[in-house]
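*Asks:* Residue strings, one per chain:
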Amino acid sequence: MCLKFYGELLEAQNQPVHSSVSWAAERHLLSALMWTPEIRHVASRKYAGQWREITGPAPVKMSKRRSAALTGAQGISLAQKLLRERLCHQKLPDQPVGLDSQYKHLLELLRRTAVHGESNSVLIVGPRGSGKTMLLGCVLRELMSLKEAQKNVLLVELNGLLQTDDKIALKEITRQLHLENVVGDKVFGSFAENLAFLLEALKKGDKSSSRPVLFVLDEFDLFAHHKNQTLLYNLLDVSQSAQTPVAVLGLTCRLDVLELLEKRVKSRFSHRQIHLFSSLSFAQYLDVVRAQLSLPPDFPDPKFSDEWNHSVTKLCEDKTVEEILRRNFNGSKDFRSLHSLLFLAVSRVSVSHSTLREADLIEAWRLISVDSKANVLHGLSILELCLIIAMKHLNDTYDGEPFNFQMVHNEFKKFIQRKSHSIHKFEKPVVMKAFEHLLQLELVRPVDSGVCKVQREYQLMRLMLEHGQVMEALQRYPQCPTDVKQWALSAFG
Amino acid sequence: MSRYITRLRMRRTYKWNGRPVGEDRKLKRQYYESMSISVEGKTEDATVSLGQYILIEGDDDDNPFVAQLLKLYTDDSGKKKTAVLQWFVRMCEVPQNKRKLLGRDPHPQEIFFYQDRSCDNEVDGETILGAVQIEYVPVQDPFPVGKSRDILFVKLLWDTKSFRALDPELMQPSQSPKSPPPSSRGPQTRALPTPDPSVMKRAMSGILTRGSMSTGKMSSSEAESLHSASKLSAAKALSAKRRSQAVSGPQVRKKLDLCSPSKNMSRDDVLGELLDERSEKTLTSKLNTSPTGRISISIRLTPLNLNKEECVSPLSSHSPDKPRMTAHDKDDAASVFLGVQPIEDDDPEPLINTGRTPRKREATPRRAGLRGLKARTPSRRKDSAALREPALAALAEEEHEDSPINTAATSRSKRKSAQLVSSRIKKQLNLLGNKIGLQSDGEDGDDDDCFIPSKIDLQSSSDEEEEAKIDSEDELIVKKHRGSGTSRSTEKTRVSARTPRKTPSKKTAPATPRTPRHATPSIPSRTAPARKPGNVLEEARARLHVSSVPESLPCREQEFQDIYNFVESKVIDGTGGCMYISGVPGTGKTATVHEVIRSLQQSAEQDEIPHFRFIEINGMKMTDPHQAYVQILQKLTDQKATPDHAAALLEKRFSAPAPKKETVVLLVDELDLLWTRKQNVMYNLFDWPTRRNARLVVLTIANTMDLPERIMINRVASRLGLTRMSFQPYTFKQLQQIITSRLNRVKAFEEDALQLVSRKVAALSGDARRCLDICRRATEICEHSGSQKNSSGLVGMSHVMEALDEMFSSSYISAIRCASVQEQLFLRAVIAEFRRLGLEEATFQQVFVQHQALCRVEGLQPANVSEGLTVCQRLGSCRLLLLEGSRLDLFLRIRLNVSQDDVLYALKAD
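Order-wise, the sequence lines are chains A and B. Here the first sequence stands for residues 1 to 493, numbered as in the working numbering. Here the second sequence stands for residues 1 to 910, numbered as in the working numbering.
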């Protein structure tokens with residue numbers, strides 16, 4: 001619905017304000033969903049795809065509409081397609097940036113498993129977005145290009161977020177190893193049978209004659225939460241005994257992952273860890289940005305690509321752009337956040353301006369860096385805003401102690417009686433209604449999740465807003481009454 | 001499932017028949033001559049009398065013990081009935097490692113006379129299940145064919161060390177040294193008391209078989225009568241003999257290669273040309289003949305058959321010119337013998353050519369090219385063709401024997417040649433399938449069933465299936481001939497009938513694919529063999545891998561000796577016991593036990609100690625403690641059962657007195673995982689060894705020394721006993737010794753480097769695995785740096801230091817150093833807030849205020865709440881910070897997961 005609506009808006013192309021509002025709403029919706037880091041992580045991967053959905057069709061449609069008039073339209077859509085693939089992690093980079101030693105280490109390790117049949121286990125540890133999966137992807141790509149390894153290696157990929165217990169994981173392993181054919185169409189009876197079956201299968205192999213199996217365990221730390229760590233124990237045990245050669249590759253962002261392992265599981269792990277910490281300087285970071293945005297030399301339209309690359313070089317030298325990039329770099333060094341920024345910028349390129357301008361990047365940065373709650377505050381009524389200001393005063397007065405509706409109402413009444421000229425005198429039920437709306441928006445939250453049987457007016461609440469957030473929202477609120485602003489600014493209610 | 005009167009749900013009552021025939025006053029025993037067993041729900045009683053062969057209740061429902069009844073007596077109270085027996089063993093009761101001594105595949109109904117003095121030969125009379133028929137077959141004679149599957153054959157004697165020829169005298173209980181009451185010995189030793197006439201008949205035929213081999217098959221199949229007149233000849237005898245050889249021969253499957261270019265091609269060509277037109281004509285004419293026509297053909301076939309047989313039988317069937325001769329002999333009758341010749345001929349190739357048309361053979365090379373796999377076979381065939389010829393003919397005979405039955409039963413158009421060819425195609429394809437080692441599909445399952453004789457019931461089912469297959473394949477072949485006269489069309493149909501996933505060589509017979517009972521899962525094998533280590537470092541690395549099993553385990557001599565003595569004494573005494581072994585991970589507990597078992601098995605093989613079974617279970621390798629029962633039972637008897645049922649069966653097995661039981665050594669690894677609330681799994685495991693007849697030795701392994709005290713309730717801990725052993729972590733000297741012994745004179749490490757590793761590991765954990773892993777990593781590092789400068793090529797101190805650093809150093813500090821500016825600021829803010837509060841915990845809101853202030857100090861634009869929260873979450877996901885759920889938003893509490901000093905150190909150095 002929302003996407004469709006947005007698409008229409010874009011097509012109409014006459015209400016830029018609305019479109020940005022809807023953008024903001026979209027982002028807020030998603031950020032509200034992305035509470036836990038794990039979900040955020042997965043969502044951010046899918047999110048990029050969604051953005052593509054949102055923004056993807058628009059330029060194509062435009063180019064279709066005006067294709068007769070403009071020759072560059074195809075060039076733009078082609079360039080956008082290429083960059084989108086790059087920025088949405090749909091294509092592996094040719095070479096991982098700044099991870100050469102890790103790349104070599106991992107490749108060597110996997111090569112030995114593939115060629116010599118040596119069992120290994122390794123953990124790839126790095127913060128979110130540091131390129132663990134990318135590194136592994138590149139290594140596997142190179143490994144598979146080796147003649148010796150090509151047909152010999154079996155790959156099993158598991159994800160801790162998908163295979164939430166060992167039973168599912170075992171089924172998945174069996175499926176990916178194509179072992180289920182062996183038992184015909186028979187559905188596995190029980191978890192126990194499945195485990196015994198798989199262990200038997202792995203036990204039958206030996207170092208020299210069986211094909212090595214690479215087990216990739218994404219979100220490795222989640223596997224450590226499975227009951228008894230049965231799967232990990234067995235995989236690592238196979239890797240330490242003369243059975244089918246396996247390589248167990250764990251990907252995780254937790255630095256303390258080894259402490260999660262049980263003693264006996266830990267002892268079976270080889271304690272090989274590959275850490276991915278980015279030690280990029282800002283200059284290198286800028287180079288990466290340039291490389292990420294540049295079109296390759298084999299782009300079909302050389303004139304367009306020259307023009308584009310030139311504009312990218314110029315863009316990176318721009319002061320404001322550099323400032324934006326530096327802020328992004330200061331926030332996090334990972335490329336995923338950079339990609340989402342550049343993605344938005346690239347999506348704004350259209351036929352009317354066929355190169356990337358700094359305005360695009362600034363707008364993209366504005367969208368990226370906007371505070372999620374500020375947007376919600378902009379949508380509040382004056383009464384609700386007044387209540388928030390009252391709560392802020394209460395917070396200041398009582399040093400963050402929780403308050404109840406009655407206190408807020410009293411504070412509000414005081415304001416109306418003393419200073420207000422523009423605000424009507426609202427009935428208490430109306431104020432209550434506004435308060436409940438704030439409660440629903442979770443700008444206010446009860447202290448102990450409403451367990452106690454206190455009357456609603458007296459239930460203790462907390463304001464979920466920072467001081468600065470309230471003030472900023474007031475500054476930006478359209479046609480905010482001056483006396484309300486002044487009330488907010490005054491030290492005491 | 002069980003073919004025998006199952007003991008499970010039927011109650012049997014035992015009664016003496018007649019009066020006591022003798023009495024032993026000293027022992028207060030009364031001897032009887034026979035006993036009648038009445039089964040609930042059956043009207044007639046079974047009677048067992050002395051000298052008769054009986055079945056005794058055993059562990060396995062399908063294969064009860066077999067014995068000959070020597071004595072029956074009761075004690076003075078008259079309640080307890082005891083039987084004295086002469087045991088026979090089945091192949092499945094012979095220890096696995098001794099089965100090879102037989103030198104051939106056992107006949108499924110074969111049993112062995114058991115001679116072992118140590119074996120208890122008195123059993124409770126109430127365990128007798130009933131009578132069974134046993135026939136003595138002289139060693140050189142083949143097993144009779146076509147008998148009921150209830151008859152067992154005895155040919156050899158098993159004295160726990162070797163198979164020997166059985167003196168038939170031993171089978172006569174009167175000569176048996178263990179048959180004291182003379183009065184009970186009757187002339188009816190061989191007589192079969194069962195009044196069933198059919199059994200009598202069978203018995204008669206059995207006797208006949210012993211008398212003259214020629215009538216082996218006669219009485220068993222009615223359809224045979226059609227041919228019997230013409231077949232009662234020496235030829236028949238020979239064929240029967242061969243057939244039985246074929247049945248028992250291990251290479252039955254490796255029969256024919258239909259498609260291989262034959263070694264005697266020229267001869268085939270001659271024959272082929274001769275037969276070319278006629279054969280096709282015959283085929284078509286045969287197909288079109290009415291039933292009467294068919295009968296006439298079959299009549300004409302038989303004399304030829306005889307003819308041919310006469311030619312063949314005197315020969316030892318290896319003379320090279322023989323087939324040519326036969327071919328010439330039969331030239332004139334080629335159109336007729338076409339159907340028969342393949343059956344009796346000795347040489348495989350002419351067979352094919354007559355069975356199939358020569359055009360088919362022309363197509364052979366193409367086919368070989370088409371199926372890459374077939375191209376491999378010819379060479380193998382050539383080598384072995386000469387050797388296998390007799391067996392081959394026997395196979396043909398076997399098929400031939402089947403055919404009349406089929407004809408009689410189905411009254412469809414069946415021709416022997418077609419059957420033969422089809423069956424050969426089938427076998428050949430099967431063979432190829434086996435050779436290539438395809439994943440077991442339905443066919444492989446069949447093979448297994450056919451040639452593992454212990455699974456009698458399986459075999460019977462597969463026999464039926466085979467027959468069905470022959471039927472259906474006949475049709476296929478007939479169609480093929482009808483269709484075009486060439487086999488190319490079938491070629492196509494076969495190819496198309498194949499599912500695309502299968503490899504070309506798989507059999508495509510229309511048999512229904514059956515799920516094999518015992519699927520044999522395996523990881524597919526690699527296309528190229530793994531590369532061997534190339535240089536010293538690679539060699540060292542291979543040796544240092546934990547998985548490479550060393551020849552001996554150094555530094556665990558004392559423990560080894562203790563466990564060895566314990567198990568050995570229990571095995572020799574035939575008693576049971578428990579032992580508890582504890583030790584931190586990586587101290588060689590499991591490896592030592594395996595070592596003990598290995599050397600015990602070696603000495604068992606040399607007959608220094610009695611044989612025993614070794615079974616291993618691992619608490620971590622099962623999903624639920626109760627699965628332990630299932631796994632033990634499966635490893636013990638190959639049965640599958642639910643945990644409850646398995647527990648019951650095991651309980652029975654370990655408590656029932658069984659005379660011929662081997663000691664079972666059970667290794668329970670990761671014992672703590674078998675803990676349940678009621679602890680019944682552990683209770684049972686430790687209770688069984690205490691049973692008088694259990695002969696079970698339980699070795700348990702766990703990590704903690706005080707496990708029995710900590711988690712076991714008293715009755716369990718008490719049964720576990722006090723035989724405990726604890727493996728101490730390795731000292732640095734031991735670790736050094738381990739590495740040195742593993743390297744075994746491969747010079748890859750400097751002495752100092754080794755010492756450093758072992759000292760470091762010994763100080764931290766004493767885990768040998770860790771030590772080996774570090775050494776392996778060091779060789780890698782050496783290899784990488786070695787290319788640059790290091791001349792010695794040995795792993796030196798610097799490499800080891802680097803490896804140790806990698807494995808032991810905490811990554812927190814480098815993580816903080818590599819964090820982004822905002823993340824570092826946030827960590828600073830956290831510490832500042834902690835200092836301000838004097839607590840080790842703060843809410844996000846509080847830290848955020850500090851963070852903003854710090855941003856201003858650093859001259860950065862302060863981040864907004866969303867950004868701040870993102871930074872905080874990122875640190876939390878690395879576990880530099882410990883966070884509450886992010887739903888709490890501003891009020892989520894933050895704690896550091898690193899010490900403040902570490903954070904400050906990391907930030908300062910920056």
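Everything labelled a hint here was simulated from the structure, so no lab data went into it. Don't take each hint at face value.
One-sided excerpt, in silico: chain A residues whose CB lies under 7 angstroms from chain B [to be verified]:
| no. | residue |
| --- | --- |
| 1 | Ser278 |
| 2 | Ser281 |
| 3 | Glu466 |
When the alpha-carbon atoms are kept at most 20 angstroms apart in a straight line, the in silico PhoX-like pairs for lysine-lysine are as follows [what the hints assert, rightly or not]:
| no. | chain 1 | residue 1 | chain 2 | residue 2 |
| --- | --- | --- | --- | --- |
| 4 | B | Lys661 | B | Lys98 |
| 5 | A | Lys91 | A | Lys171 |
| 6 | A | Lys104 | A | Lys147 |
| 7 | A | Lys413 | A | Lys428 |
| 8 | B | Lys640 | B | Lys621 |
| 9 | A | Lys203 | A | Lys171 |
| 10 | A | Lys303 | A | Lys314 |
| 11 | B | Lys15 | B | Lys79 |
| 12 | A | Lys263 | B | Lys733 |
| 13 | B | Lys161 | B | Lys661 |
| 14 | B | Lys621 | A | Lys171 |
| 15 | B | Lys26 | A | Lys204 |
| 16 | B | Lys26 | A | Lys151 |
| 17 | B | Lys635 | A | Lys227 |
| 18 | B | Lys621 | A | Lys203 |
| 19 | B | Lys79 | A | Lys203 |
| 20 | A | Lys151 | A | Lys167 |
| 21 | B | Lys161 | A | Lys204 |
| 22 | A | Lys414 | A | Lys485 |
| 23 | A | Lys167 | A | Lys81 |
| 24 | A | Lys485 | A | Lys425 |
| 25 | B | Lys98 | B | Lys26 |
| 26 | A | Lys167 | B | Lys678 |
| 27 | B | Lys26 | B | Lys79 |
| 28 | A | Lys207 | A | Lys147 |
| 29 | B | Lys80 | B | Lys15 |
| 30 | B | Lys661 | B | Lys635 |
| 31 | A | Lys147 | B | Lys26 |
| 32 | B | Lys81 | B | Lys98 |
| 33 | A | Lys91 | A | Lys81 |
| 34 | A | Lys207 | A | Lys151 |
| 35 | A | Lys207 | B | Lys15 |
| 36 | B | Lys80 | B | Lys26 |
Here a beta-carbon is modelled for each residue, glycine too, at the ideal position from N, C-alpha and C.
*Asks:* Taking each numbered hint in turn, which are not upheld by the structure, reported in ascending numerical order?
*Replies:* 2, 5, 12, 15, 16, 17, 19, 20, 21, 23, 25, 26, 31, 32, 35
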